[in-house]
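Engineer: Start counting the sequence shown at 349; every next residue gets the next number (this note's numbering).
Hints are computed from structural coordinates only; laboratory data are not their basis.
Please note: incorrect hints may appear among the correct ones.
[Claimed, not checked] Restraint ranges, calculated between C-beta atoms of paired labels, are given here:
| # | residue 1 | residue 2 | range |
| --- | --- | --- | --- |
| 1 | Asp400 | Gln377 | 18 to 24 Å |
| 2 | Glu386 | Leu350 | 15 to 21 Å |
| 3 | Glu356 | Gln377 | 25 to 31 Å |
| 4 | Asp400 | Leu350 | 28 to 34 Å |
| 5 | Lys379 | Asp401 | 35 to 41 Å |
| 6 | Asp400 | Gln375 | 20 to 26 Å |
| 7 | Ile393 | Asn358 | 14 to 20 Å |
| 8 | Leu350 | Asp401 | 27 to 33 Å |
| 9 | Asn358 | Glu386 | 14 to 20 Å |
| 10 | Glu387 | Asn358 | 30 to 36 Å |
| 11 | Ile393 | Gln357 | 15 to 21 Å |
Where is the CB? At the ideal position from N, CA and C, for every residue including glycine.
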Amino acid sequence: MLRIAIKEQNSHFEHGLKIIMTRLANQWQQKIDFLPPEEIDNADIAFLALDDDW
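All chains, full assembly: derive it from the sequences and hints.
Structural biologist: Written as structure tokens, this is what we have:
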């Protein structure tokens with residue numbers, strides 16, 4: 349199982365990432381689990397929003 353965490357303030361962007369990752373997982377015949385942002389250290393793939401002044 350592929351564990352994915354997304355930490356993003358823009359909910360529309362987060363939803364788009366989930367759609368893309370779900371479709372890719374279906375193509376790869378891979379099960380995925382979306383973790384809550386506070387579990388980002390346990391994720392196989394993590395998407396992090398950066399501050400504007402990074």
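Engineer: Each hint should be assessed against the structure and marked as holding or not.
Structural biologist: Evaluation of the provided hints:
1. Distance hint for Asp400 and Gln377: a CB-CB separation of about 39 Å, inconsistent with the stated range 18 to 24 Å.
2. Checked against the hint of 15 to 21 Å, the pair Glu386 and Leu350 passes, with Cβ atoms roughly 19 Å apart.
3. At about 27 Å, the CB distance of Glu356 to Gln377 agrees with the hint of 25 to 31 Å.
4. Taking 28 to 34 Å as the suggested C-beta distance range, the pair Asp400 and Leu350 conforms, at roughly 30 Å.
5. Restraint check, Lys379 to Asp401: a C-beta distance of roughly 38 Å satisfies the suggested window 35 to 41 Å.
6. One distance hint, 20 to 26 Å for the beta-carbon pair Asp400 and Gln375, is violated here, with the actual separation near 34 Å.
7. Roughly 18 Å separates the CB atoms of Ile393 and Asn358, a value that falls within the hinted 14 to 20 Å.
8. Between Leu350 and Asp401 the Cβ separation comes to about 32 Å, which falls inside the hinted range of 27 to 33 Å.
9. Hint check: Asn358 to Glu386, Cβ distance near 18 Å, so the stated range 14 to 20 Å holds.
10. Between Glu387 and Asn358 the CB atoms are about 20 Å apart, so this pair departs from the stated range of 30 to 36 Å.
11. A C-beta distance of roughly 19 Å is found between Ile393 and Gln357, which places it inside the suggested range of 15 to 21 Å.
When held up to the earlier numbered hints, the structure conflicts with 1, 6, 10 and fits the remainder.
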